[in-house]
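Line by line, the protein sequences give chains A and B.
Residue numbers for the first sequence, in our numbering: 10 to 102.
Residue numbers for the second sequence, in our numbering: 657 to 1213.
Simulated from the structure, these hints should not be mistaken for lab results.
Since this is a predicted model, take the numbers as computed values, not measurements.
Some hints could be false.
[Claimed, not checked] Anything over 10 angstroms on all C-beta distances counts as not near chain A; from chain B, calculated:
hint : residue
1    : I695
2    : R792
3    : I800
4    : E825
5    : E834
6    : I843
7    : E899
8    : D953
9    : G958
10   : G969
11   : Y1003
12   : D1025
13   : N1047
14   : R1100
15   : K1129
[To be verified] Think about it this way: if two alpha-carbon atoms lie no more than 27 angstroms apart in a straight line, the pair counts; the simulated BS3-like pairs of lysine-lysine are:
hint : chain 1 : residue 1 : chain 2 : residue 2
16   : A       : K75       : B       : K981
17   : B       : K840      : B       : K785
18   : B       : K976      : A       : K75
19   : B       : K694      : B       : K719
20   : B       : K658      : B       : K785
21   : B       : K840      : B       : K976
22   : A       : K75       : A       : K20
23   : B       : K665      : B       : K785
24   : B       : K840      : A       : K75
25   : B       : K981      : B       : K996
26   : A       : K75       : B       : K785
27   : A       : K20       : B       : K981
28   : B       : K946      : B       : K840
[To be verified] Here are some of the chain B residues that sit facing chain A, going by a computed Cβ distance under 10 angstroms:
hint : residue
29   : E796
30   : G804
31   : D816
32   : R954
33   : A955
34   : E1200
Note that beta-carbon positions come from the ideal geometry of N, C-alpha and C, so glycine has one too.
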Amino acid sequence: MNKFTLQLRVKHSEGALVRILGVTRRRRFDLLHLTVDTTEDGHFLDVQMTVQADRAENTLVRQIEKLEDVSLVEVVEPDLAATERRAARSTAR
Amino acid sequence: MKGAEFLVKALEHEGVEIIFGYPGGAIMPVYDALLDSKIRHILVRHEQAAALAADGYARATGKVGVCMATSGPGATNLVTGIANAYMDSVPMVAITGQVATSLMGTDAFQEVDIFGITLPVVKHSFLAKTAAELPRIVHEAFRIARSGRPGPVLIDLPKDIANTVAEYEFHEDDASEEIADPSKESITRALALMRESRNPVVYAGGGIGMGNALDEFRAFIETTRIPVVATLKGLGALPTTHEFAMGMMGMHGTRTANHAVQTCDLLLCVGARFDDRATGRLNAFAPNAKVIHLDVDRAEVGKLRRADVPVIGNLRHALKALTCKLGNIEPWRRECTASKETHAWDYAAPGTEVYAPGFLKSLSDRAGDDSIVACDVGQHQMWVAQHFHFNRPSQHLSSGGLGTMGYGLPAAIGAQLAFPNATVINVSGDGSIMMNLQELATLRRYDLPVKIVLFDNRALGMVRQWQELFHDKRYSEVDLSDNPDFCRVAESMGIPAFRVEDRADVSGAIDRLLAEPGPVLAHVLIHQEANVWPIVGPGRSNSEMLHQHEVAREVAP
Chain A
10 MNKFTLQLRV
20 KHSEGALVRI
30 LGVTRRRRFD
40 LLHLTVDTTE
50 DGHFLDVQMT
60 VQADRAENTL
70 VRQIEKLEDV
80 SLVEVVEPDL
90 AATERRAARS
100 TAR
Chain B
657 MKGAEFLVKA
667 LEHEGVEIIF
677 GYPGGAIMPV
687 YDALLDSKIR
697 HILVRHEQAA
707 ALAADGYARA
717 TGKVGVCMAT
727 SGPGATNLVT
737 GIANAYMDSV
747 PMVAITGQVA
757 TSLMGTDAFQ
767 EVDIFGITLP
777 VVKHSFLAKT
787 AAELPRIVHE
797 AFRIARSGRP
807 GPVLIDLPKD
817 IANTVAEYEF
827 HEDDASEEIA
837 DPSKESITRA
847 LALMRESRNP
857 VVYAGGGIGM
867 GNALDEFRAF
877 IETTRIPVVA
887 TLKGLGALPT
897 THEFAMGMMG
907 MHGTRTANHA
917 VQTCDLLLCV
927 GARFDDRATG
937 RLNAFAPNAK
947 VIHLDVDRAE
957 VGKLRRADVP
967 VIGNLRHALK
977 ALTCKLGNIE
987 PWRRECTASK
997 ETHAWDYAAP
1007 GTEVYAPGFL
1017 KSLSDRAGDD
1027 SIVACDVGQH
1037 QMWVAQHFHF
1047 NRPSQHLSSG
1057 GLGTMGYGLP
1067 AAIGAQLAFP
1077 NATVINVSGD
1087 GSIMMNLQEL
1097 ATLRRYDLPV
1107 KIVLFDNRAL
1117 GMVRQWQELF
1127 HDKRYSEVDL
1137 SDNPDFCRVA
1147 ESMGIPAFRV
1157 EDRADVSGAI
1167 DRLLAEPGPV
1177 LAHVLIHQEA
1187 NVWPIVGPGR
1197 SNSEMLHQHE
1207 VAREVAP
């Protein structure tokens, strides 16, 4: 199994997030973790997602790159600190 | 001015001449606006046919096909045609009416989330939220549909937006449609592999025609003299009668084409995507070959087969840059050409019934170099691919990726409207024709002189063939011996029709087909057990082709 994390920036347009998640599922990648934040100006979404599959990273990266509203796709080290902060926040609630 | 008028004006601005569609409640404002437009609307009898006709129009012309339907069932009926365009990278804009914004999300009458339903089968989609943004949306939709690797784009238009009065603001384009050139480094590496190779093969796909790269491709082949095998959609990239054209590869490919690929040391894949019907068992495909993959879509390179050298970008420029004389391949090319002659199709089949491959060969010889063939899906589709001659890919309208039965008649309608004086032939089967039979009424309404060749084996022939060969003759739901009388069906819709039962009558039948000034249907009876040969069985390598004489048969042919 190949597990990796993607950092995406996508225009905050109709269905943008569903499109990304749809491509991920259709190309047979399992979603393990997802965070989405709206940029301050409200025009974009910053998406971080961790996925796993038997397939190579690029088979997903290149499909997501093709989406019209996606302006950035990077394979990154997962932001563990942020993940932990979120986990703590959700526990606190 | 209303939103609906914006839409129509924007379509006119994009140069749209024909829309295929069907009216209904939510799209009515647009139909009202169409009355004052010079755009021609073609009323089909089922929305699926609107989308498939737009697809046929687009493939035949290279322009963006446009289809339109109302919300709910009108929109869902378009989906098969949209998916068909998506799988074969056909430029299309589909416009759907939607219930009013205030009703969206309330399960209103004829409300369906067509935006959501079509997400997996569109290149992009828009939901109009204001009238003012419609000119921009239309412009973007056309740009996206035709640029790079083409595909379908959906515009969902709520009825209240279509009725909103606003100021029309003409939208000027800013986005570039230029496709980047391949890197110099990739060209250098590709040239090095080409010069090393002794047994190269070009694997030609649909991207050559769609990328407008026919001239560059032919110059590349004439200079390098590399033998060419074609995918279903690549047929005609090189004229199929050309000395260097080895025919179609894959499941129903020629022995010469498959053998060349399986033994080559270098495979140049040009605008193709290693589809399973072309490659057979992937891990046994072209086992000795290094791969150079030319494509405009980076995502296709390395998706199924690793490329030793990816050449990503503008196909025309890539082919130009790779055009050079090669020193070492002449013995190999002669071997391929000789194999093609040795294994040429034999049309002398036993029996007196109509032999479909022979019928199609004769039809092809007489239909003229500019005829357009739209086929349905199944055995007859493969016979067309094997036996018809094509001088360019846009003459061959065939549902490759999705394999949509019912494609042929609507696609022929789209092509005939684009080229009123061309000979447009729909080759169909008794299974497929029934999937969009209602469009005979459209042929009559617009008096489109489409020639229909309906091969009738009283069965779902391709499924029957698989059940015979791969399921121990356990025939399951393939019998169509209760077909209607197709001649009477056609005649009842105002289409002259005649029946052909004997091989001796084929020549006269072709005369009659081609001489008829208007639409006509030839109902051609063929043997129920006629099969498509050769065939590569499911899960098998392209080295393991089954030929007719190798398979014990109780009944000929």
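Open item on the list: Hint compliance check: list the failing hint numbers for this structure, sorted ascending.
Closed with: 3, 8, 9, 16, 17, 27, 31 and 34
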